[in-house]
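2 protein chains.
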Amino acid sequence: MAERFDEEALRAVGVRIDAEHPEGIVFDPHQPQLRVTDLSAVRGDGIFETMLAERGHVRKFAAHLDRLQSSAAITDIGIPPQDAWRAAVELGLDEFRSRGGLPDEVAVRITASRGVEGEPASDDPAFSGTYWVLLTPVTEKVKTSRGRTISVTLLDRGYDSGASERAPWLLLGAKTLSYAVNMAALRWAAKHGHDDVIFTSSDGNVLEGPVSSILLGRRSSDGRVHLRTPSPDAGILPGTTQATIFRAAEQAGWETSAGPVTTEDLHSAQFLWLTGSVKLVSPIGRIDDHSVAVDDELTAALLSFLNEAG
Amino acid sequence: MAERFDEEALRAVGVRIDAEHPEGIVFDPHQPQLRVTDLSAVRGDGIFETMLAERGHVRKFAAHLDRLQSSAAITDIGIPPQDAWRAAVELGLDEFRSRGGLPDEVAVRITASRGVEGEPASDDPAFSGTYWVLLTPVTEKVKTSRGRTISVTLLDRGYDSGASERAPWLLLGAKTLSYAVNMAALRWAAKHGHDDVIFTSSDGNVLEGPVSSILLGRRSSDGRVHLRTPSPDAGILPGTTQATIFRAAEQAGWETSAGPVTTEDLHSAQFLWLTGSVKLVSPIGRIDDHSVAVDDELTAALLSFLNEAG
Chain V
402 MAERFDEEAL
412 RAVGVRIDAE
422 HPEGIVFDPH
432 QPQLRVTDLS
442 AVRGDGIFET
452 MLAERGHVRK
462 FAAHLDRLQS
472 SAAITDIGIP
482 PQDAWRAAVE
492 LGLDEFRSRG
502 GLPDEVAVRI
512 TASRGVEGEP
522 ASDDPAFSGT
532 YWVLLTPVTE
542 KVKTSRGRTI
552 SVTLLDRGYD
562 SGASERAPWL
572 LLGAKTLSYA
582 VNMAALRWAA
592 KHGHDDVIFT
602 SSDGNVLEGP
612 VSSILLGRRS
622 SDGRVHLRTP
632 SPDAGILPGT
642 TQATIFRAAE
652 QAGWETSAGP
662 VTTEDLHSAQ
672 FLWLTGSVKL
682 VSPIGRIDDH
692 SVAVDDELTA
702 ALLSFLNEAG
Chain P
402 MAERFDEEAL
412 RAVGVRIDAE
422 HPEGIVFDPH
432 QPQLRVTDLS
442 AVRGDGIFET
452 MLAERGHVRK
462 FAAHLDRLQS
472 SAAITDIGIP
482 PQDAWRAAVE
492 LGLDEFRSRG
502 GLPDEVAVRI
512 TASRGVEGEP
522 ASDDPAFSGT
532 YWVLLTPVTE
542 KVKTSRGRTI
552 SVTLLDRGYD
562 SGASERAPWL
572 LLGAKTLSYA
582 VNMAALRWAA
592 KHGHDDVIFT
602 SSDGNVLEGP
612 VSSILLGRRS
622 SDGRVHLRTP
632 SPDAGILPGT
642 TQATIFRAAE
652 QAGWETSAGP
662 VTTEDLHSAQ
672 FLWLTGSVKL
682 VSPIGRIDDH
692 SVAVDDELTA
702 ALLSFLNEAG
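Each protein sequence line maps, in turn, to chains V and P.
Going by this note's numbering, the final residue of the first sequence carries number 711, and the count climbs one at a time with no gaps.
Going by this note's numbering, the final residue of the second sequence carries number 711, and the count climbs one at a time with no gaps.
Wrong hints could be hidden among the right ones.
[To be verified] Derived CB-CB ranges, DEER-like: (1) 527/P <-> 544/V: 32 to 40 Å; (2) 540/P <-> 523/V: 18 to 26 Å; (3) 690/P <-> 544/V: 52 to 60 Å; (4) 471/V <-> 632/P: 36 to 44 Å.
No lab work stands behind these hints, which were simulated from the structure alone.
Glycine included, every Cβ here is placed at the ideal spot set by N, Cα and C.
Isolated chain V (complex conformation):
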């Protein structure tokens, strides 16, 4: 097991972006790259996106770059232009090719840190921080977990539904590196026999998973399918995978809606899924002590929406 990890990890590729290398420069992620004074490590003060590159094609790249830009605006972190990120990711994929093999699936994580306090890396705000791309082959474990039924626990995220609008300093719409709570929630779930988490607001609204979005599904008596997801004004991240599914679903004649989702809605939902950029779609078969029905046909349809959209 440890050996497999090493092998896989050895194959990861890093690409740094800075003012001298706006299109990126390759580094070895097994070597130290960050100073301990980098604010990413000092205070989780940075933003990120995780994407899936399938046979060298990054899925919904534009949507992720747009969300990174939105996170940058919320957190006031200067970031390189989108072209720089695209070039850096391409450079990383090329590095795999020149080593003799691009894996069929690569998880691509782009990170922008505020940099080192008091020492901007450049006078140009777009390059004042620390920026890198980490490309990691997707493991077999992750690939085979897709579409597999999971058990989730509902955990209170502590915020009420009005917090996002009332208190912008809570950064609720930004995907920041300050993920300790998300990880603690996942550890809590694992300790209590669950695979994942659905966060709720303190006033009983359904939010999102620590690293995923939530979809509710229903088949009407006439066979029509309706998908629903909590709306972004609940103080959650707009899910890029959820958005892709919704677009394809609408083209397939399904109904979709976004709006408040209560825990009662969740418990009375016919079908439920978590969605994410790398894990794609996971049907939920249990919420705490309640069983939830699973419809393999619908799950397959959601997965094919994603695979076809690319």
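Mind docking chain P on chain V? Use the hints.
Quick look at chain P alone, frame taken from chain V:
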């Protein structure tokens, strides 16, 4: 200004702790030390403490090591024994001495990261993560800011008073690296003309500052002084500086108390201070649009409590 920063930063000292160097090994904090896969930088998944070393003596070292251990227990991060941290800090102070001069005041930040996912640094849980000490001479700017009157804004922390007890996965009693919200609150304050922030719960209780504790003070008509601070069960960090002040105050015959503090209590308080390990004591002269009285004699007394306690 940039030049002064460089000079100061050049003088910082780093000490890493690992299984091979349980008493620490010096590194240059201007050189990369962390991999981009270190969870401190990936997810703000680590814990820390900041202390003040005055002429080589670390103030309230034991209280900080105890709080680090408490944070470690809450986050389930393995950390080296207290002796290892003490030895590493001593090594860092010695490095200053061997370079020809220990600054009279050094800020000592100790950090424990969960390490690299799937690749524990050691089989021994106490050394499985990434551990380092960063020693930075305290700037003149910080020294002269002590005791100076500040203006604060009240900002909603988003959580209600019951969140800490109800939802332990929120890690409210741990000092984690996931500080993006704390920094966003301070930026918000600066943009709105304030020096600092006091966080409140969504149900109107006073919590703490993003990097400090809050003290309320009152002089009775008979001249007796009473100090009050929000109690830790409000989901805040127990302040080590506040605790030192309270012990000394009690010995001086002052009254002290800890308990719920409402925003009404804050607005009707006679005197207010923020306290922290490096900035020590800052009297509050304004909360948003309200003026607050400042008593220089009391502020001097609080500072001397800290200086005498060492």
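Against the structure, the hints:
1. 527/P <-> 544/V: 32 to 40 Å: With Cβ atoms ~35 Å apart, the hint holds.
2. 540/P <-> 523/V: 18 to 26 Å: Check passed, 24 Å falls within 18 to 26 Å.
3. 690/P <-> 544/V: 52 to 60 Å: holds (58 Å)
4. 471/V <-> 632/P: 36 to 44 Å: About 38 Å separates the Cβ atoms of residue 471/V and residue 632/P, which means 36 to 44 Å holds.
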